[in-house]
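**Q** Below are the chains, spelled out letter by letter.
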Amino acid sequence: MATRSNWWIAYLFLAPVIVVMALLVFYPLLQGVIYSFTNMTQYNMGSKFAPASWEFIGLKHYIDLFSSMLQPESVFRDVIIQTLIWTFVNVFFHFTIGLILALLLNRNIRGRGIYRMVLVVPWAVPSFISAFSWTWMYNQSYGVFNILLAKLGFAPIPWLGDSFWAMVSVIIVNIWIGVPFMMITLLGGLQGIPQSLYEAARVDGATPWRQFWTITLPLLKPVAATATVLGVIWTFNMFNIIYLVTRGGPARSTQILVTYAYQEGFMNWNFGLAATYGVVILSFLLAFTLLYQRLLKENSNEGVYY
Amino acid sequence: MTRSHWWVHLLLLLASFIAVFPVLWIMMTSFKQRAEVFSTELHLIPQTFTWENYVHVLTRADGVFLRWMANSFLVALLTSLVALALSTTAAYALSRFKFAGKRAIHYGFFLTQMFPGALLIIPLYKIVNSLGLLNNYLGLILAYCTVAVPFCVMMLKNFFDTVPYELEEAARVDGLSHFGTFYRIVLPLSIPGVAVTAFYAFITAWNEFLIALTFMSDQTMYTLPIGLQQFVNQFNADWHYLSAGAIIVTLPVLVVFLIAQKYLVAGLTSGGTKG
Numbered sequence: 000m001a002t003r004s005n006w007w008i009a010y011l012f013l014a015p016v017i018v019v020m021a022l023l024v025f026y027p028l029l030q031g032v033i034y035s036f037t038n039m040t041q042y043n044m045g046s047k048f049a050p051a052s053w054e055f056i057g058l059k060h061y062i063d064l065f066s067s068m069l070q071p072e073s074v075f076r077d078v079i080i081q082t083l084i085w086t087f088v089n090v091f092f093h094f095t096i097g098l099i100l101a102l103l104l105n106r107n108i109r110g111r112g113i114y115r116m117v118l119v120v121p122w123a124v125p126s127f128i129s130a131f132s133w134t135w136m137y138n139q140s141y142g143v144f145n146i147l148l149a150k151l152g153f154a155p156i157p158w159l160g161d162s163f164w165a166m167v168s169v170i171i172v173n174i175w176i177g178v179p180f181m182m183i184t185l186l187g188g189l190q191g192i193p194q195s196l197y198e199a200a201r202v203d204g205a206t207p208w209r210q211f212w213t214i215t216l217p218l219l220k221p222v223a224a225t226a227t228v229l230g231v232i233w234t235f236n237m238f239n240i241i242y243l244v245t246r247g248g249p250a251r252s253t254q255i256l257v258t259y260a261y262q263e264g265f266m267n268w269n270f271g272l273a274a275t276y277g278v279v280i281l282s283f284l285l286a287f288t289l290l291y292q293r294l295l296k297e298n299s300n301e302g303v304y305y
Numbered sequence: 000m001t002r003s004h005w006w007v008h009l010l011l012l013l014a015s016f017i018a019v020f021p022v023l024w025i026m027m028t029s030f031k032q033r034a035e036v037f038s039t040e041l042h043l044i045p046q047t048f049t050w051e052n053y054v055h056v057l058t059r060a061d062g063v064f065l066r067w068m069a070n071s072f073l074v075a076l077l078t079s080l081v082a083l084a085l086s087t088t089a090a091y092a093l094s095r096f097k098f099a100g101k102r103a104i105h106y107g108f109f110l111t112q113m114f115p116g117a118l119l120i121i122p123l124y125k126i127v128n129s130l131g132l133l134n135n136y137l138g139l140i141l142a143y144c145t146v147a148v149p150f151c152v153m154m155l156k157n158f159f160d161t162v163p164y165e166l167e168e169a170a171r172v173d174g175l176s177h178f179g180t181f182y183r184i185v186l187p188l189s190i191p192g193v194a195v196t197a198f199y200a201f202i203t204a205w206n207e208f209l210i211a212l213t214f215m216s217d218q219t220m221y222t223l224p225i226g227l228q229q230f231v232n233q234f235n236a237d238w239h240y241l242s243a244g245a246i247i248v249t250l251p252v253l254v255v256f257l258i259a260q261k262y263l264v265a266g267l268t269s270g271g272t273k274g
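Read top to bottom, the protein sequences are chains A and B.
For what it's worth, numbering that gives the first Met the number 0 labels the leading residue of the first sequence as 0, then goes sequentially.
For what it's worth, numbering that gives the first Met the number 0 labels the leading residue of the second sequence as 0, then goes sequentially.
Don't take every hint at face value.
With a straight-line cut-off of 30 Å between C-alpha atoms, the simulated DSS-like cross-links for lysine-lysine are [to be verified]:
{"#": "1", "chain 1": "B", "residue 1": "Lys97", "chain 2": "A", "residue 2": "Lys150"}
{"#": "2", "chain 1": "A", "residue 1": "Lys47", "chain 2": "A", "residue 2": "Lys59"}
{"#": "3", "chain 1": "A", "residue 1": "Lys47", "chain 2": "B", "residue 2": "Lys125"}
{"#": "4", "chain 1": "B", "residue 1": "Lys125", "chain 2": "A", "residue 2": "Lys220"}
{"#": "5", "chain 1": "B", "residue 1": "Lys101", "chain 2": "B", "residue 2": "Lys261"}
{"#": "6", "chain 1": "A", "residue 1": "Lys150", "chain 2": "B", "residue 2": "Lys125"}
{"#": "7", "chain 1": "A", "residue 1": "Lys59", "chain 2": "B", "residue 2": "Lys97"}
Everything labelled a hint here was simulated from the structure, so no lab data went into it.
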């Protein structure tokens, strides 16, 4: 079929989505960026009763935020550090646990299908329900963890009441939720590796450990890279779990950029500053993906049809 | 090769236990009586099994739980239908045609994965507000389409990629138009993929919390995530009722998800790689 003669059909087929995306995603995105240069709040944003009275304040929000980072008490800095810890720890455990489980499931063992299905459960449960179940299990007096600790003769842990433990708690919940996707994805990658490579390696006398490092890991790299990028983006932007389990508390100790931006926007009604947080988040993620893609350039090969 | 590796089973059993325990625990709580829920004794299996919590949640005098469920269902269903209607042809174009700007469009869709709700929600809130659609199903559906549409395009493109091109060539020779080929040949062959995509869009809307929390202000307009959250705040002591509500919400989704997961994974991962 012709390559050039039917390009206009492609555009025709794409038109509805492009229009909708332009109106619903890219236009609001641009607006969001513009708001980050304003002092817009709930009260001066304009409504049926009062005309809009917000003003452009240029880079003030950005300057305030970034200069505050040098001061001893900086919410912005704390939230960024917490976001980085949150993202790194989560994705690290998603990947390691996911890989271990994928390697186990890739073996020729009995009941593989059943294990696989059971292990996917955390992904299938709606996240607000997971948040709810875990909050109940973390309950100080009646939660299963503290009852168990008491039975074993240990002191109860203030799961959600202490800054450190609250962070541990939300991270555990999010690890629980995120492992299945990583496991399934990596399993798919493992199953794509030709068995003949391993047979050849065995003939050459390579140990399982060596086979893992010289065959499995390199060939898993493209799949692992995709899964990790998605994992980082999703974790960085994960709102539900933190909001529902700790609400960012106690005392901001589990706030990450998205939850804090939401608090600025819809609890303090400071839309301008919340938009600035949004731009910071987007910049982080863009920088991360660009850097990551650069590092993995050699693996990219796009499928082109006709 | 197939020696029985007892330690493999041990590790997998342990992981399986961790995977299902929170769900199991909530399920057991939902069948317990209040006194047993608030005790420091550890009983996984209810001592006295009761359906009372389920009856209470479903027949609460104000019927509010069922209302939330209906709201969630309506919004999620319409979101997935609208998103599908918009995205099928676009996905087909991305799968089959070569044209200027294709890479850019692809990248644009991948980029939307990164857009933090926090940045989009304020302008969306303003737009929906100015359209008078706050606290209205339509406002919520519009907002959900921002996530669902690009997602559906990526998923569907991947499914369309697997339909052999020879079939289309034959249809074209027989005189079908481009749209006819798509509508009569490719779409019917991709029904499982379309179903999985629709299901995932449905689930995303069903689970969404942030936008619903911001856009819906009347208790009767809440979706389930917001509604159940109100339960936690208002009736801080009623974990047994909440558990019953949670199980009612989870089971149908869980069952369909487990059936559809194989296709889901294929669609999700390749959607990302080909970006």
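**Q** Checked against the structure, which of the hints given earlier come out wrong?
**A** 1, 4, 6 and 7
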